[in-house]
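Novice: In order, the protein sequence lines correspond to chains A and B.
Once you know that position 91 of the first sequence is 91 in the numbering used here, the rest is easy, because the numbers rise by one and skip nothing.
Once you know that position 125 of the second sequence is 125 in the numbering used here, the rest is easy, because the numbers rise by one and skip nothing.
These aren't lab readings, by the way, just hints derived from the structure by calculation.
Careful: at least some of the hints might be erroneous.
[What the hints assert, rightly or not] Derived coverage of chain B by chain A (criterion: at least 3 residues anywhere in the stretch with Cβ under 8 Å from a Cβ of chain A; other residues may be distant):
#1 29-40
#2 117-130
[To be verified] Computed, partial: chain B to chain A, Cβ under 7 Å:
#3 L21
#4 A46
#5 Q63
#6 F70
#7 L113
#8 P114
#9 S133
#10 L138
#11 R144
#12 R148
#13 D166
#14 I167
#15 R198
#16 L200
Remember, predicted model here, so these are calculated numbers, not experimental data.
Backbone N, C-alpha and C fix where the C-beta goes; we use that ideal spot for every residue, glycine too.
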Amino acid sequence: MLTCREVIARLADLSCRNLAPEEMRENKRHLAACRSCAAYRRTYRATVDLAREAYRAPESGRTELPEALIGGILAAARTRLSVLSPRTLHLVHLLSGIAAGPLLAFCLR
Amino acid sequence: MTPDTGIPAGARDEQGSERDLVSRLRRGDEDAFEHLVREHGGRLLAVARRFLREEEEARDAVQECFLSAFRAMDRFDQASRLSTWLHRIVVNACLMRLRTRRRKPEEPIDEFLPQFQADGHQVRHPTPEWEGSAETLLARRETRSIVREAIDRLPDSYRAVLLLRDIEELSTEEAAQSLGVTANAVKIRLHRARQALRTLLEPRFRRTASC
Chain A
1 MLTCREVIAR LADLSCRNLA PEEMRENKRH LAACRSCAAY RRTYRATVDL AREAYRAPES
61 GRTELPEALI GGILAAARTR LSVLSPRTLH LVHLLSGIAA GPLLAFCLR
Chain B
1 MTPDTGIPAG ARDEQGSERD LVSRLRRGDE DAFEHLVREH GGRLLAVARR FLREEEEARD
61 AVQECFLSAF RAMDRFDQAS RLSTWLHRIV VNACLMRLRT RRRKPEEPID EFLPQFQADG
121 HQVRHPTPEW EGSAETLLAR RETRSIVREA IDRLPDSYRA VLLLRDIEEL STEEAAQSLG
181 VTANAVKIRL HRARQALRTL LEPRFRRTAS C
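Just chain B, with the same shape it has in the complex (with noise of 0.2 Å):
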């Protein structure tokens, strides 16, 4: 630590490079552009992926959001990193085409939510343990892979706001702007997209009876 800035040498070496990067990019540089490409690309391919089932569809999204950023590299403030902001305009240009996909009739997801008798009490009684926490189920290989699988089987809406507070890790009135409805909206949708992500992971993971 320097005593006139306050920040690690290291962060500010970095800091530097990227405002460099930053300098050559609103000059046009293509070396620069390239190596911007190179750099972030394969990060926002993933969270493109997991927000587009299709992959034609996630490899648009990453060049949109590439396109864009170079269109408003002048009104990049550099008040967050390169990533973060490269990261934001990827999950927009995705959630706009969730948007334009969704003039077709969605799945609905009430079958996957729990059921109730007139008086309130659950239908299905006792509900099934799991086979452990989610700590000891993930020391299993294939468990990230049996989640995402199921993730990817949630309606396009309800898997967009879980994908966006569960997984993105932004707050309910983020994500509320990011998908243009209320908080109220966010909230209510993310307890079901997560009750029905439950219902499709039970098959895999309850407790089955020992002899």
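If we strip away everything but chain A, and leave its shape as in the complex, we get (with noise of 0.2 Å):
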């Protein structure tokens, strides 16, 4: 027969049924005679499911991010991800006016 510790040692497969049919069996028949590893089955199945609904938030409604949060990654997008400064792309616009009529003369031609 097998032990306590080798019957607690296979909990998570004995829940998954990824023992083989004959070591189910075995384990079953520990579980049968054993009431402290039932019992300790029995709260290690109910831990799982107290983990998975823990972060479930029923009634206290969603996370808000706070503005000063918001401000700060806006602001760090702007920085780091722009590809022109805003100094840059003024310019950029200001050849592109002088640029404009002649690049249009040519594209027309």
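Using the hints, build the complex out of the two chains.
Specialist: And the structure:
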């Protein structure tokens, strides 16, 4: 017969039915005979169910991102991700305006 | 349902609006950035808080997540929802931080695992029953916070596996990939994490002897 140590070591596999049929039978035989392990198995399963429910927030509503953090994220995005700085971008727009006339004429030829 | 797409009209509108948002994000539309942050930020912060116990670290992880997303927007293939994609990014950002943190020695988990005698019987005999099933216990208002506090007490590497598998519902293989370990390591750590959590919860939930 399996020992308590062996049965408890396989509890996760027992729940997922990952054991071979004979192993399943041996585990069930031990659990039928050992009150302690049967209680451990019940409380182990309750633990897994409780963990799965722990972060489901029924009454508390959704988490809001603090305004300061939103501002920080947007500022960081503007600083790190803009290809051109606002000053350079302005220069590009200016130069495009100057070049637009000749460029348009070239395209329409 | 329309015969053309087989997709309900409401769902198609949502897909369309998300495609439009992604296009605007790729063009660098700042209003689109802000909409994305406001729409998804709260949920991502909730996820980050589970992995990282410090509030400042959780906020930093969320910021990193959005910056990574903005940088990689051109590579987002829209095979999954934006929310799913962002969720994956924030989980990875949290795991990176945990890996950096793990250079410090971690609290051992052995004291929270069941103890056995030489013949394989449990040292603690009999195992106490709890006051009810998970469903019964969850009817109490304080149960969820008790469980969350207990999860927070687990060592980082075990807590991460428990969060990935039992809360985030990743498969063993997905969790292994995220953590950079084998599937077998995930299985072993998960079982130990659950056993440790059980030990931590027992004093709060065990059935008290009636007179």
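Novice: Under 7 Å, Cβ to Cβ, is where B:L200 needs to be relative to chain A, so tell me if that hint holds or is violated.
Specialist: Not OK, violated: B:L200 not within 7 Å of chain A, min 9 Å.
Novice: Measuring from the C-beta of B:R148 to each C-beta in chain A, is the shortest one below 7 Å?
Specialist: holds (5 Å)
Novice: Can the hint on B:I167 be confirmed by a CB-to-CB distance to chain A that is less than 7 Å?
Specialist: holds (6 Å)
Novice: Let's test the interface hint: is any C-beta of chain A closer than 7 Å to that of B:L138?
Specialist: holds (6 Å)
Novice: With chain A as the partner, please determine if B:Q63 meets the hint condition of a C-beta pair closer than 7 Å.
Specialist: holds (5 Å)
Novice: Mind checking the CB of B:D166 against every CB in chain A and telling me if the closest is under 7 Å?
Specialist: holds (5 Å)
Novice: Next item in the hint list is B:A46. Is there a CB on chain A closer than 7 Å to its CB?
Specialist: The hint holds - B:A46 has a Cβ within 7 Å of chain A, the shortest such distance being about 4 Å.
Novice: Going by Cβ atoms only, is B:S133 closer than 7 Å to chain A?
Specialist: holds (6 Å)
Novice: Is the interface hint satisfied for B:P114? The criterion is a beta-carbon contact with chain A at less than 7 Å.
Specialist: Nearest chain A Cβ about 6 Å off; hint holds.
Novice: Can we keep the B:L113 interface hint, with Cβ of chain A closer than 7 Å?
Specialist: violated (9 Å)
Novice: Take the shortest C-beta to C-beta distance between B:R144 and chain A; is it under 7 Å?
Specialist: holds (5 Å)
Novice: Given that the region 117-130 of chain B was listed as covered by chain A, double-check it with a C-beta distance under 8 Å for 3 or more residues.
Specialist: Holds, because 11 residues of the region 117-130 of chain B bring their Cβ atoms closer than 8 Å to Cβ atoms of chain A.
Consistency note: the structure conflicts with the earlier hints numbered 3, 7, 16.
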